[in-house]
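Q: Here's the letter readout for the chains.
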Amino acid sequence: MIKADPAGVLTGAHYLDGDEACAEGAIAAGCRFLAGYPITPSTEVAEHVAARFPMVGGTLIQMEDELASMAAVVGGVWGGTKSMTVTSGPGFSLMMENIGLAVMMETPCVIVNVQRGGPSTGLPTMPGQADMMQARWGSHGDYEVIAVAPNSPQECFDLTIEAFNLSERFRNPVFVMMDECVGHMTEKVVIPPADEIEVEPRFEYRGDPKEYLPYKVNGGNEYGIPIPPMLHAGQGGYYHTTGLTHDERGYPDMSPECQEWLLRRLVDKIRLHRDQLVHVEEDGVEGAEVVVLSYGISSRVATRGIALAREQGIKVGHIQMKIVWPLPDRRIDEVAGRVKGLVTVEMNYGQIALEVERIAAGRCRTSLVGHAGGTVQDPEKIAETIEEAAR
Amino acid sequence: MKFWRKPLDLDEQKVVRGEVHILRDRCKGCGFCVEYCPEGVLKLDHAYNKKGYHPPVVIEGKECVMCRLCELLCPDFSIFITERGTGVPEVRDD
Amino acid sequence: MSEASVVKADPVASPAPPPRDEESIPHPMEEWLRMDRIPHIWCPTCGLGTVVTAFIEGLKQTDLERDNVAVVSGIGCTGRVAGYVKLDSYHTTHGRAIPFATGLALSNPKLKVAVVSGDGDLVGIGGNHFIHAARRNMDLTVILVNNFIYAMTGGQVAPTTPETANTTTTPYGAFEPPFNIPHLAEACGAVYVARWTSLHVRRLTESIRKALSKPGFALVEVVTPCSTLYARRNRLGSGLDLLKFYHDNSTIQNGARTSDVGIDFQKPFIVGEFVDHDRPTWFQLMEARMSATLGDKFIPKEGPSCTNSK
Ligand SMILES: Cc1ncc(C[n+]2csc(CCOP(=O)(O)OP(=O)(O)O)c2C)c(N)n1
Ligand code: SF4
Ligand code: SF4
Ligand code: SF4
Ligand SMILES: [Mg+2]
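Protein chains in written order, with numbering that gives the first Met the number 0: chain G, 0 to 390; chain A, 0 to 93; chain X, 0 to 309.
Source of the hints: derived by calculation from the structure; they are not laboratory data. All of these numbers come straight from a predicted model, not from anything done at the bench.
In silico DSSO-like links for lysine-lysine, alpha-carbon gap of 30 Å or less:
1) Lys213/X to Lys85/X
2) Lys209/G to Lys209/X
3) Lys59/X to Lys85/X
4) Lys61/A to Lys243/X
5) Lys296/X to Lys2/G
6) Lys215/G to Lys111/X
What the simulated footprint calls covered on chain X by chain G, stretch by stretch (three residues with Cβ under 8 Å from a Cβ of chain G suffice, anywhere in the stretch; the number is not a length):
7) 25-36
8) 80-91
9) 97-103
10) 291-303
Note that CB positions come from ideal geometry on N, CA and C, so glycine has one too.
When you get a sec, could you build the whole thing from the sequences and use the hints?
A: This is the structure we're talking about:
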């Protein structure tokens, strides 16, 4: 890790909404290219970046649609610039094609989804958390992703930086799964001095460009992640990359053996190293009868529900997942073995909750406090569900 | 060919002669080179190459003027020309 | 006596060359191709290989540094071009070559980015990107190979298929009016528009050279034979027969009005250089605007910046 470029860091305490804080996080992390298309409730991220980029050597382009935005982001990264896009549900759907390309080409980039109620145009100005499975599986084929879910403007700042850093560490797209509530809530955000912000530089190839094989993994990076180093356009590598299944040279190879060789690594680089991807905040989990699992804005509402349940004398723990994908499955597994119930709080009809149920595998009760979005959870309902789970 | 009279710039009329290189086994026998050679230098061989196509061969006695059209048109990068030597057009008085 | 006939005079006889070992001298294209991928996948009498040669020949005649040239393709038979040229090259998704190239070009303004892709890719599924990149005058050289069909997927109707032509999804003949690509490009703001067939390889090379040398959205349409699908399905013979058809039926008309250059099925058509003018590129407009409003506070993007965090 290296220190952030002070030019992009607005050190100090500010009142920012989540969208603006996300934008500041991206700039602090070294993002200098944004391609996007306006959509509520995410547009403020791009608007803030549009105002700031010209002063920090960044380029923003409003593309003709989200297909183009995501394609431009992948191109931006291969041109050598940390790049991002910002959207909400309908645009997220359009991005799926080139998110798959980013995965296949191993393109480190960040996609911010300020979630609203869906499906389709749904509830443009109201929160939702129902794109979690789309983030996980929305593009076709088998692959792994990383997703963070902030619950406050401060976390929007912090976790956006983390998203950029993880994208570089794993050479994979990373999602910042916000929601309308977090995006539009204004709170104090403390931006530390640049030398206190750690930034992951690109894992770059340093050998003779003429010898470069774009998909040859030589021991991986310092974190033990089996990724090949990158060269960008203009560095004399004359390399090829493709969305087709490819060999070490980046050349298409349409054999089941090559598919296995490539996909195994693309999946395992995240799956087998997911212990590096556990980022949770826990409260009272040890000795709890019931543990609440939540993320994003739902985790703040859950805190109130948990407080109400605790007033009833129930021992309730809380795991707020700041990284939702990959799930902290080993931690959930441990906890499931010794509690009466796991309660998942999320603004959908059960997406992460189904995963929790799978991991618990019948060892404890699993329940969901969920609805289709539009407003945050009712803390009373969370408390009631906890009480039921503790019975 | 004969000239009716000797051109004044005869000594400047260098004629570039090409040597035709044919990568027989890369060729897919499309015939583009044969069809568009302005000098009719090429014909498709009766024999097959390894891929089972008829590659071009140079017709005996025909001279390549190194226009490189065959090289540019060939979709399989299997024919190219190098310079063989320059010559002054011959003028015969008979 | 014309110069040509002088050249045709009997030469001072130079001795016939000795038979040469095939591979002893490399083909001049080899330096520019990924030879470990040759032979390419294209069919016999397909014109795509010719387009690759014209592209490289055109590129060689520019002052561009090889390291600074990138090629982006979408998906299709033409989309495979990126996989054969030995340059930084990107084989992207169907229709998205232009936005990918846009990201590449904006990310590193030192690059010259060329898009080489098919008619279906660029003006079918990618049509929206095409018109907007032209409108913005994005600094891209677009080589659009028009074989009048979706070849890679087996010969379906394309937005360029001439009316009445037979395709697998118009088995009774195409009936939608096709795009006139030069007209579309000009209307959207392209600064350079030319159309050649792959038979016009020298003029094509020259247009590619000009297009690459020109800042802004430059489009070269190349009418190219698809022997296996378009020609066969329409009983037009081989790719060679299509070249002969182009030879007999294409008229060079530089500066023709692009509205007059639509292509009807197996009818005479116009080729040439149609548009060549100047206007500022997206990047120039952006920088000018930012400098005008922000003055010294504007920090232009220099090169790639992924390592910018010191
Ligand atoms: C999103 C998407 N839709 C469809 C396809 C299937 N597909 C591959 S190539 C192609 C058509 C290509 O036509 P064109 O761009 O004209 O290229 P050509 O093969 O004719 O050179 C299609 C439809 C795809 N790869 N991706
Ligand atoms: S270079 Fe010209 S004259 Fe020589 S063989 Fe080729 S096409 Fe014919
Ligand atoms: S043009 Fe090339 S591929 Fe076609 S016949 Fe001639 S040498 Fe062979
Ligand atoms: S299908 Fe048509 S376009 Fe594709 S390689 Fe064959 S001839 Fe060329
Ligand atoms: Mg086509």
